[in-house]
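Q: Please put together the full structure from these sequences, using the hints given.
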Amino acid sequence: MIEILNPTELPRAKEAGALVADILQTLKSRCEVGTNLHDIDRWTKAMIIEAGAQSCYVDYEPSFGRGPFGHYICTSVNDAVLHGRPYDYSLADGDLLSLDLAVTHGGVVADSAISFIVGDSEPPQSVAMISATERALNAGIAAAGPGARIGDISHAIGSVLNAAGYSINTEFGGHGVGSTMHQDPHVPNSGRPGRGYKLRPGLLLALEPWIMADTDKLVTDADGWTLRSATGCRTAHSEHTIAITNDGAEILTLPNQTQR
4 MIEILNPTEL PRAKEAGALV ADILQTLKSR CEVGTNLHDI DRWTKAMIIE
54 AGAQSCYVDY EPSFGRGPFG HYICTSVNDA VLHGRPYDYS LADGDLLSLD
104 LAVTHGGVVA DSAISFIVGD SEPPQSVAMI SATERALNAG IAAAGPGARI
154 GDISHAIGSV LNAAGYSINT EFGGHGVGST MHQDPHVPNS GRPGRGYKLR
204 PGLLLALEPW IMADTDKLVT DADGWTLRSA TGCRTAHSEH TIAITNDGAE
254 ILTLPNQTQR
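Numbering-wise (the working numbering), the sequence shown opens with residue 4 and increments by one.
In case anyone wonders, no lab produced these hints; they're calculated from the structure.
These numbers were taken from a predicted model, which means no experiment stands behind them.
Incorrect hints may appear among the rest.
To be verified - In silico SDA-like links for lysine to any residue, alpha-carbon gap of 25 angstroms or less:
| # | residue 1 | residue 2 |
| --- | --- | --- |
| 1 | Lys48 | Arg15 |
| 2 | Lys201 | Ala145 |
| 3 | Lys201 | Pro10 |
| 4 | Lys48 | Gln186 |
| 5 | Lys48 | Gly70 |
| 6 | Lys31 | Met184 |
| 7 | Lys31 | Gly55 |
| 8 | Lys48 | His185 |
| 9 | Lys31 | Ala54 |
| 10 | Lys220 | Pro127 |
| 11 | Lys220 | Thr173 |
| 12 | Lys48 | Val121 |
| 13 | Lys48 | Asp91 |
| 14 | Lys220 | Thr234 |
| 15 | Lys31 | Pro127 |
| 16 | Lys48 | Thr38 |
| 17 | Lys48 | Phe67 |
A: So, in structure tokens, the structure goes:
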């Protein structure tokens, strides 16, 4: 299913996006050496409830998972890259943490992810990986607009990641959002320009470049959810929800103070 929002629904999408962004930035400011992943999940739950929003994850039970996800946020550390279930782990200096959050607010879903390094360490490889996903995300957004095609976005993202020396896994990627979290169209992180669904004003897309340092192969934890690099290498993930407008693409998942 592909949903197209009408102009009266876009303000609600912006509100949902700003909420997700603000929660992620608050969590980032609280994450320090010694923070437990369960604390992050607990803080997220409290902020979602306080905002009168609903989690997209707690009861989420897709075919690729094992039962309901059962948590309010994905916390992926170091070699974990997607769908990381919070567990009893206290963050260490230099850990690379990815937080992925999706909520429903006002009947519209917003989805975003950030990666950052915990503590005072700045491992060069980790810094480079985070930068590559952020630059790829910006390139994908720049390629989006009315009349463009999904392949244009995928090609822009993949070109940046390939140029930075990373191989790309296309099993999981970006996707449409609307009244539900995962909708068509699928947006691979690599593709051919000029191909795929033509973008229309009112379409919401969650774009999410993610990479692993030295592989494109994933393995699944015993929890049935957490996806890790097959080699144990570090990973990074960046994501924004955007709205296709008459003039281009608008980023919805920016914090309130920088919402545009």
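Q: Please write out, lowest number first, the hints stated earlier that are contradicted by the structure.
A: none
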